[in-house]
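Could you build the full structure based on these sequences and the hints that come with them?
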Amino acid sequence: MTAPAPPSPSPAAAAFPTADSADIGLLLEGTYPYVAGGVSSWVHQIIRGFPEYRFALAFLGSTPADYGEMKYKLPDNVVHLEAHYIHSGSDKPPVRAERGDPAAYALVKRLHEYFREPGKHPHGVIAESLAAISSKGGLSDASFLHSRASWDYVTEQYRSHSRDPSFIDYFWTVRTMHQPLWMLARVAEAFPPVRAYHSVSTGYAGFLAAMLRWKTGRPLILSEHGIYTKERKIDLFQSEWIKDNRDPFDRDPAEIGYLRQLWIRFFESLGRMCYEASDDIVSLYEANRLRQIADGAPAARTQSVPNGIDLPRLSALRALRAPGDPPPVLCLLGRVVPIKDVKTFIRALRVVVNRMPQVEGWIAGPEDEDPEYAEECRALAGSLGIAHKVKFLGFQKIDALLPKVGLLVLSSISEALPLVVLEGYAAGVPSVATDVGSCRQLIYGLEGEDAALGASGRVVGIADPTALAAAAIELLSDAKAWHAAQAAGITRVERYYTQDRMFDSYRALYRKALP
Amino acid sequence: MFGYKAGLAAFALEAGGLATVFSYSQSQALFSAYLAAHAAASVLMALVLPTLLPKAQISRPRPAFLFFFSVAFFVPVLGVAGLLGAVLVGRLIPERARSERFDLYDAPVYEPRAREIASVRSKGGVRIQLENAAAPVETRLKALLAVQSLPARVANPLVREMLSDPSDDLRLVAYGILDAREKSINARIHGATQRLAQMPPARERALLERQLADLYWELVYQGLVQGDLRDHALAQVRAHLDQALSLDPEDTALWSLCGRLAALEGGYDEAQRAFERALRFGLAEARVLPYLAEVAFRQRRFDEVREFAVKLGAAPQTQRMAQVIQYWSAA
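Listed in order, the protein sequences are those of chains U and Z.
Numbered by this note's numbering, the letters in the first sequence go through residues 1 to 515 in order.
Numbered by this note's numbering, the letters in the second sequence go through residues 1 to 331 in order.
Simulated from the structure, these hints should not be mistaken for laboratory data.
Careful: at least some of the hints might be erroneous.
What the hints assert, rightly or not - Distance condition first, Cα-Cα at most 27 Å in a straight line; then the derived BS3-like pairs of lysine-lysine:
| hint | chain 1 | residue 1 | chain 2 | residue 2 |
| --- | --- | --- | --- | --- |
| 1 | U | Lys389 | Z | Lys183 |
| 2 | Z | Lys183 | U | Lys243 |
| 3 | U | Lys512 | U | Lys215 |
| 4 | U | Lys230 | Z | Lys183 |
| 5 | Z | Lys183 | U | Lys391 |
What follows is the structure, encoded as structure tokens:
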């Protein structure tokens, strides 16, 4: 069985490898191989680390226009790749009046009740619902979009739950929100058979994974770097495209708009479905594991596997460093996107330059993902009068860059377990990072032997340029403190964060899934 | 049968009427005759033409009659031509397209849901909820969202405290709130700066300089910048204010801002001079006196504070201001 050619107009489509079967089906949303970044490098690392397995990749994106060329050369053991776009809107069923199957909507009702109060209802409803939206089930997208039964269900739900007065907005929110699920159901049906599935996030990819897991009975491993649901939630709190139609008398400022809540609950439910279907749930560090459990992951199936790096390759970079004091260069290594809070880095640089005029700030990372934000960053550097001190380098190979850098700066408002910090350590560069994700653990160490190694940099609060600058100035101006941090970083990465350790953990997981 | 006859009669009347009008003698009587003929023709048209249309298209005969009559009467010749055309089109549209039926539904009823959560009203309540790290994240998140409805200057310091909260969600939402506010101000600063770089005419330049001074001031006033960045913003306010004042030296708002800036930086003498100038150039007393009183207070000239308070007493005040005035006037 060969998967049908993806409906994307992407020019690279013709070059996709295809296969009738593979060992591991990797489900990727908005990442490898089209987006460069932490998660993508990790995926690349895993694929190359397990040449004995053949991988089939399903990439899910928003629309083809959001992605350019592939950012990675696919390793030889990627035997199959398909790309699908959630919002391409290409495969809508023809508009035709339908009666719809009332039994299917009774099932949907049970599913929604389950999501409202997961403890009170049996788990089986998820599997049943996933079966219903497959092409053989009673709940087609044509029925969802155009049937009387669907209309009746939506209006009833609106009456009994909606706190937003606009039915029109409610109706279209519900439609837009659910439509991708049928697209994913079709993807699941056409995906080549594999021996195990591995999803790299919950969300849409996680939903696809859950469908495949229930359909084929093959084991599913879920590796979460960030927490997808949490990130979506933050996004949704901020997004301006969701309407709130409550009038001023009806509106309670402390209450989130109902449609916003609908979206949040939708992604929470997708996450729950994926957790439920997964045989093994992997997080990068303990805090995220607890978060997964809070979001509905069965505790017994969870574990933490930290990222690891290719130590020999990066350690070699230490020999390239000029001896003596650290170079007066602060470098932010990462995509120029809002989540990295590049602006705080630029603001901090303003403060650093006031005290140490010789210092430069480098921003090394692709700007194509959010050109508008990159433009705002440049404008900020201009308005702070340090445009000549901030260098936007674009995408850079770290091998050439790290030896020239004095400190890596991570000003992100959200991170998981950032690889760049580890890569910096191996190459002899300490870090100043914000107190997000596992940064505290990476820089000050976990309690016990790890912490005894000392600090391999500094941790500061988010969006606090003054504190970030103070930490950078402290390390750059005090050679002794800098060398101590460098030494701690090298030991820490060598002891706890090697690629071999990570591969061993995943080898065990893969062996269990593919006996 | 009636239709054809009436139609023919209408045409005859209209033609006769027109003939009278276009004959060369121009008399009142002739024109009245034409009007009478034309009116009679229009009545006949309005009776006949609707009957030629399919029944389904005329649901209410009386307004239809009035409509046809008005068009025929007030737009001589052309009106009738237009009506004939319309009738023709009406007859040509196939029956099927017309028989499309609409279902009638009752107007939907909206039933507001009872609120499940206690509302957070006062600033004090919000602060307590926010600072109580033991409260569930959901509750604190709601408090944080409620803070957004407070004025930015009051809300921002509260929100900023949340940036170092142990909960990821709260931190990120707090960040999002501050970032959005700062972003909108910075975007306007960027726009104004770029426009200024194009050397616009003096009048626009004065406007842009004032705008920039105001925007940088807003960053400081709302508490969006700290430390060196605050110093930088204040320096920008000063620079743009000087530029704006050199272009428009008698602007009251500029002098008022100048006074507030000086007062913030501790230059009370300069602040007093600026406020007095604003007053001299015509800014309302009620808007300057509180600042002058503050400056006097900072310089420990309490008698003057009292004087200002008494002068201010007459003007309408906010509740808090009224309390301050009462205190100082009573003493």
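Hint check: Lys230(U) vs Lys183(Z), CA-CA at most 27 Å. Holds or violated? holds (23 Å)
Are the Cα atoms of Lys183(Z) and Lys243(U) separated by 27 Å or less? holds (21 Å)
Does Lys183(Z) sit within 27 Å of Lys389(U), going by the straight-line distance between their CA atoms? holds (22 Å)
Assess, step by step, whether the Cα of Lys512(U) is no farther than 27 Å from the Cα of Lys215(U), and give holds or violated. Holds - the C-alpha atoms of Lys215(U) and Lys512(U) are around 20 Å apart, at most 27 Å.
Would you check the hint for Lys183(Z) and Lys391(U), treating anything up to 27 Å between C-alpha atoms as holding? Roughly 21 Å separates the two Cα atoms, so the pair holds.
Checked against the numbered hints given earlier, this structure breaks none of them.
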